[in-house]
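All chains should be modelled from the sequences, with the hints used to inform the complete structure.
In order, the protein sequences belong to chains A and B.
Heads up, the first sequence is in our numbering, so the first residue is 204 and it goes up one at a time.
Heads up, the second sequence is in our numbering, so the first residue is 161 and it goes up one at a time.
Simulated from the structure, these hints should not be mistaken for lab results.
One or more of the hints may lead you astray.
Unchecked claim - Cross-link-like lysine to any residue pairs, in silico, SDA-like; alpha carbons within 20 Å at most:
(1) K253/A with E361/B
(2) K397/A with K422/A
(3) K253/A with S389/B
(4) K333/B with T313/A
(5) K253/A with Y236/A
(6) K333/B with K397/A
(7) K422/A with T460/A
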Amino acid sequence: MAKKTMIEAIRDAHHIAMEADEKVVVFGEDVGYFGGVFRCTAGLQEKFGKARCFDAPICEGGIVGAAIGMAAYGLRPCIEIQFADYAYPAYDQIVSEAARLRHRSGGQFTAPMVIRMPTGGGIFGGQTHSQSPEALFAHVSGLKTVIPSTPYDAKGLLLASIEDNDPVIFLEPKRLYNGPFDGEHDKSIVPWSKHDDAEVPDGHYTVPLGKAKIVREGKDVTILAYGTMVHVAKKTAEDQGIDAEVIDLRTLVPLDTETIAQSVQKTGRCVVVHEATRTCGYGAELVSIVNELCFWALEAPVERVTGWDTPYPHSQEWDYFPGPKRLGAALNQIMEA
Amino acid sequence: MTDTGRSYLHVPEPSFRPGDKPTFDEMIIPQAGAVRRPPVDVHPDDIQDLARTIIRVMSSDNEAVGEWAASLTDEEALEGLKDMMRLRTMDARLLRAQRQGKTSFYMQALGEEAVACAFQKALEPGDMNFPTYRQQGLLITSGYPMTSMMNQIFSNSQDPMKGRQLGNLYSSKEHGFFSISGNLATQFVQAVGWAMASAIEGNDRVGVGWIGDGSTAEGDFHAGLVFASTYQPPCVLNIVNNQWAISTYQGIARGNAATFASKGLAFGLPSLRVDGNDYLAVHAVAKWAIERARKRLGPTLIEYVTYREGAHSTSDDPSAYRPKDEADGWPLGDPIERLKGYLIAKGVWSEDRHAQMASQIEDEVAAAQRESEAIGTLLEGDKPGPRDMFEDVYEEMPPHLREQFAQSLKEAGEG
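Next up, the structure:
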């Protein structure tokens with residue numbers, strides 16, 4: 204078993220899926236000859252030919268719309284939107300079409316497709332290279348929304364998503380592409396090669412959709428996290444000496460409420476953390492679910508640590524990003540309550 | 161008054177509003193047979209003029225003339241006449257059913273019957289239409305059971321869409337009719353994607369995109385043209401220019417700045433403009449474009465010039481924005497009357513036989529309606545249940561939907 208970066212793991216998943224099933228096609232802006240601006244599709248066109256992996260016009264609505272038509276034909280498109288920040292021109296096709304096709308046609312037509320998009324901040328990406336729009340997809344019935352935090356999960360979840368018969372929004376935290384990031388932005392970067400979760404088995408395996416993972420066991424408080432914030436949560440718990448149980452949700456829809464409920468019933472406390480803006484963010488849904496399922500076990504109000512309700516800034520990156528300092532303060536506060 | 165030089169906003173207006181006497185004098189209509197029929201492998205640059213004229217076959221003397229004539233046998237043309245009559249009869253009955261409160265909503269294709277009916281006649285099984293809500297003629301012509309259409313309109317327990325969709329938003333994979341969405345233009349680029357899949361698979365199945373004049377203003381129209389032009393898949397892209405987008409005349413979508421067909425020229429697409437009320441012309445052009453697609457010669461854009469004779473929908477009153485008698489002045493006439501006139505002039509049809517067929521069709525449609533209403537209408541009879549609402553959101557019902565389904569049954573006192 205070799206260590207891989209998240210980019211290499213995603214690329215590996217593409218190779219395996221395309222070898223296993225000739226119905227899998229890959230396209231998007233710059234994904235063909237060049238291999239993607241983040242190198243996630245490098246080598247695919249050379250190996251599988253231009254009919255299986257190709258460049259697309261800069262037209263997100265067209266990319267998603269064409270993929271829906273292909274999926275209706277019987278292919279399994281795995282397409283890329285260059286940044287999640289640029290998914291909005293395709294939002295009509297995603298929400299009104301891909302998500303509803305099975306339901307509105309009485310099951311006659313389906314959209315087995317994956318829409319990959321790099322997401323999240325922490326990279327000085329400013330307003331349009333840092334957003335976390337997962338709530339906009341999680342809110343839409345008919346979509347599955349997935350976000351990995353490690354190379355191992357990225358490969359297994361992407362293979363599971365490509366094999367799934369429903370449309371999947373696959374959000375890739377670009378801050379984690381080359382190495383884990385715990386929010387300590389002033390320290391040197393640790394590459395994936397020095398991290399246990401970068402052990403990626405060769406060949407085919409899947410990580411099931413709809414299943415969360417306890418990445419740190421603890422008994423005092425539950426932290427619900429996904430994407431980059433999983434690493435921030437683990438680091439913060441260690442630094443604060445708080446015995447927190449950290450859950451990596453991995454799939455936002457369908458959500459693994461069982462794992463969440465079991466944990467919060469054990470700890471009696473819960474902090475939700477995400478990079479996305481607060482109001483109507485996915486955290487609101489998590490807080491609501493924890494309150495519904497665990498109200499009588501709670502010893503303190505459920506806390507949310509999130510990005511502020513502002514557009515993602517450039518120079519104020521680290522005032523915006525919910526790093527260890529802000530999460531640590533919330534953890535200490537909830538432990539005192 | 162002198163020009164003060166002050167800037168102003170140009171807002172196009174139709175020539176006629178309620179109370180005005182409508183004429184279509186400004187419309188340039190070539191004689192039937194006047195426009196040439198190029199070979200299907202023609203270079204698109206060599207037929208740019210075809211985007212700015214109107215291909216017509218049936219003359220005012222009820223003759224089929226010119227190079228586009230004779231794409232159909234008399235028998236096939238008669239079938240086409242019957243298809244159009246069945247569609248018009250069904251439309252009239254369902255319009256009445258909506259007024260009687262048996263359903264919430266209906267949309268007619270009055271005056272546009274030739275476009276969908278003749279196009280479908282040129283397709284083969286395995287091809288796929290991506291229609292709008294006004295191409296019911298595709299289903300009629302492909303032999304889809306009328307009772308199934310009515311079950312969808314009435315949202316009863318036999319509705320193939322299980323009561324989930326507003327009336328007219330049909331779907332039949334078997335009949336090459338993609339699921340209709342309420343969101344305009346989305347299907348235009350999906351048709352191109354479907355055709356790209358056909359090309360990727362090495363097949364010659366043809367994808368057909370449909371869009372109205374108003375919806376060409378949507379971004380997905382542009383996306384469809386770009387993708388069709390870039391990847392050259394086997395597709396035909398159809399624009400039905402019926403002059404009106406609800407209350408908005410086609411000039412607002414810039415049908416006056418250039419013909420809708422000519423919008424394909426910058427993309428290097430062969431672009432044709434055809435008399436949409438001429439069944440024979442529509443069929444001939446459809447056949448040409450489909451043959452091109454199937455021979456891997458690339459996509460074609462076609463504009464059908466027609467007129468929306470009826471209201472936009474049962475929720476619309478056109479007398480509020482256009483002259484009541486505007487349809488009477490429409491210079492391309494009525495598609496059913498024109499095909500009927502042609503067949504009679506040819507001696508293969510007669511007024512008597514026509515009246516007899518009209519009566520047969522009336523009976524057939526009435527029988528279908530009785531059958532459908534016996535199953536149920538929107539408010540009465542056998543209807544889809546809550547399970548039909550929760551199923552098919554995903555392939556398998558996830559835990560949160562299973563919980564909500566159970567809760568809905570409990571709230572309904574059935575849990």
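Taking the hints in turn, this is what the structure says about them:
no., hint, in the structure
1, K253/A with E361/B, "13 Å, holds"
2, K397/A with K422/A, "28 Å, violated"
3, K253/A with S389/B, "17 Å, holds"
4, K333/B with T313/A, "11 Å, holds"
5, K253/A with Y236/A, "9 Å, holds"
6, K333/B with K397/A, "52 Å, violated"
7, K422/A with T460/A, "18 Å, holds"
The structure does not agree with the numbered hints 2 and 6 stated previously, though it agrees with the rest.
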